[in-house]
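Protein chains: 2
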Amino acid sequence: MEQQDKIILIGAGNVAHHLAGALLKAGENLCQIYSRTLDSARQLGMKTGISYTAEANEVYPDGDIYIFCVSDDVLPSIIKTIRMPDNALLLHTSGSQPMDVFKSYSKHYGVIYPVQTFSKKRELDFREIPLCVEGNTGPVKERIKKFAEKLSGKIYEIDSAQRKELHLAAVFACNFPNYLYQVAGKLLEDKGLSFAMLRPLIFETAHKVMLLNPEEAQTGPAKRGDESIMNMHKNMLKNDKDLLKIYTILSEGIKETQDKEETGDQKISQDTIDMPTLW
Amino acid sequence: MEQQDKIILIGAGNVAHHLAGALLKAGENLCQIYSRTLDSARQLGMKTGISYTAEANEVYPDGDIYIFCVSDDVLPSIIKTIRMPDNALLLHTSGSQPMDVFKSYSKHYGVIYPVQTFSKKRELDFREIPLCVEGNTGPVKERIKKFAEKLSGKIYEIDSAQRKELHLAAVFACNFPNYLYQVAGKLLEDKGLSFAMLRPLIFETAHKVMLLNPEEAQTGPAKRGDESIMNMHKNMLKNDKDLLKIYTILSEGIKETQDKEETGDQKISQDTIDMPTLW
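Just so you know, the protein sequences line up as chains F and W, in that order.
Counting from 1, position 206 in the first sequence corresponds to residue 206 in full-length UniProt numbering; the numbering is continuous, with no gaps.
Counting from 1, position 265 in the second sequence corresponds to residue 265 in full-length UniProt numbering; the numbering is continuous, with no gaps.
Don't take every hint at face value.
As the list makes no split between identical chains, a pair holds if one copy fits it or if it spans any two.
Restricting the straight-line Cα-Cα distance to at most 27 Å, the calculated cross-link-like pairs of lysine-lysine (BS3-like) are [unchecked claim]:
#, residue 1, residue 2
1, Lys145, Lys191
2, Lys223, Lys80
3, Lys191, Lys260
4, Lys238, Lys80
5, Lys80, Lys6
6, Lys223, Lys245
7, Lys260, Lys234
8, Lys255, Lys103
9, Lys238, Lys255
10, Lys234, Lys191
11, Lys223, Lys241
12, Lys255, Lys186
13, Lys241, Lys146
14, Lys186, Lys245
15, Lys146, Lys191
16, Lys120, Lys260
17, Lys238, Lys150
18, Lys121, Lys141
19, Lys25, Lys241
20, Lys141, Lys260
21, Lys260, Lys186
22, Lys120, Lys255
23, Lys6, Lys146
24, Lys25, Lys146
25, Lys245, Lys255
26, Lys238, Lys260
27, Lys103, Lys80
FYI, nobody ran anything at the bench for these hints, they're computed from the structure.
Same shape as in the complex, but just chain F:
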């Protein structure tokens, strides 16, 4: 029987939380969880039943795979604090850190970047999450790919430059829309209305682009070129300079895309994924 790789998880935040679950579900040999914050380490350790520590010098030094799920800004400094065998496979899950951050620490390293937003409170099917893999050599990349395939059905091989762009695109596709949901909720709250009134709209807006391209799905006053409504909206926002700026620049963007579309300048990929219809 093949000996299973001993896996050490470095980090106990949102990504680590979901990855730990996926590893266990896939029957992988997750041996230890490390976080600099004892509470976080304990929380994930207790949840998974895996041994945990908040002391860097207690991290098992004989692991086969070390997966770093920590913030980009602390990744380089945390790598330094962990003793690892020369021949261990070192991985991180960052969208923006180069693979070479591991260069001085092992001959086998790479990246598994999950294109998803993670919150501890939300359960996710990890097998549906696109995982972008990269490895420092061909064989290492193959090994990482095989490993990733145990966790997800959607594996993409991309390089560091593409991954950086993907991460930036993900900010536009996820973090910024979510912030706009916050803005919308705040506007409603100020008039005694509930955020719940927008939920079907938000859901449908996202659901639409599972099948259509966002260009085809675009609606609203800017798309229609309805200047009188846009002026009214700007007037309603005149006491909130920041929101007014957001409204103006995004509306201008929609109008420009619209103009390009009409002259046939713009199109994006037609691939769609199958989504069940909820309503």
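Based on the hints, put chain W in the right spot on chain F.
Coordinates of chain W only, in the frame set by chain F:
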């Protein structure tokens, strides 16, 4: 047996398309569809099997309910062109037009504003769409409410000022996020990557706020205060001034909300709706 109200639908765009389906599904007596554009009138007429016209003077002058589903900017001028009985109930579906646009034309008028984004290509369950109703008198409002209840299970009574705000919030919750999906797709396309890679992320981002508040759901570099990533992103966008502006202002917004949250300044409604888990 009670005589059914004769309903005339004015408009054949996205909203009219879905509303016509909902009326027929509810067993309502939709008699005629009018659009200034013959092709649109014919398309919806053929789809529903309802008689249609593109001539304002051919609109039946003996309807009981006239529902105006037309762009805000043409609504006032289109109302003028239609002959209608003094005692007809006049409704529009606009988020921003005041109810009083009908004042000179009937004693019974109001609004049914559906809080949703409509595209002809997408099927929707109209019963799940929040309908915001308003009427010019108490009894008229009751009549409109009863009528709306045949179409949807989610009826809200709100006034014109609230409706305007709701419409503005809907632009932030729907039109702008969809535009950001476009931006994300364009960024990927430039690097030979497919928009499809972002679909699970977009879907989960929306799905999260079906249960969580957007404040709780927020993730990303701005939320974490990760300045090095944000600076890298800004650098990647340095040749596209508009995107750079969008990135900067939305990131600033997230950081500010984050600061407020930490001092306990901000919260929005905790109501959630039940959503099936897809993954």
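Structure-based check of all given hints:
no.	hint	in the structure
1	Lys145 x Lys191	between (51 Å within a copy, 21 Å between copies)
2	Lys223 x Lys80	between (51 Å within a copy, 26 Å between copies)
3	Lys191 x Lys260	between (37 Å within a copy, 20 Å between copies)
4	Lys238 x Lys80	neither (51 Å within a copy, 32 Å between copies)
5	Lys80 x Lys6	within (20 Å within a copy, 77 Å between copies)
6	Lys223 x Lys245	both (18 Å within a copy, 20 Å between copies)
7	Lys260 x Lys234	both (24 Å within a copy, 25 Å between copies)
8	Lys255 x Lys103	neither (46 Å within a copy, 33 Å between copies)
9	Lys238 x Lys255	both (21 Å within a copy, 22 Å between copies)
10	Lys234 x Lys191	within (17 Å within a copy, 35 Å between copies)
11	Lys223 x Lys241	both (23 Å within a copy, 21 Å between copies)
12	Lys255 x Lys186	both (25 Å within a copy, 16 Å between copies)
13	Lys241 x Lys146	neither (51 Å within a copy, 41 Å between copies)
14	Lys186 x Lys245	both (16 Å within a copy, 22 Å between copies)
15	Lys146 x Lys191	between (53 Å within a copy, 25 Å between copies)
16	Lys120 x Lys260	between (41 Å within a copy, 22 Å between copies)
17	Lys238 x Lys150	neither (53 Å within a copy, 39 Å between copies)
18	Lys121 x Lys141	neither (32 Å within a copy, 41 Å between copies)
19	Lys25 x Lys241	neither (49 Å within a copy, 45 Å between copies)
20	Lys141 x Lys260	neither (40 Å within a copy, 44 Å between copies)
21	Lys260 x Lys186	between (33 Å within a copy, 13 Å between copies)
22	Lys120 x Lys255	between (38 Å within a copy, 21 Å between copies)
23	Lys6 x Lys146	within (16 Å within a copy, 64 Å between copies)
24	Lys25 x Lys146	within (16 Å within a copy, 51 Å between copies)
25	Lys245 x Lys255	both (15 Å within a copy, 16 Å between copies)
26	Lys238 x Lys260	between (29 Å within a copy, 22 Å between copies)
27	Lys103 x Lys80	within (12 Å within a copy, 74 Å between copies)
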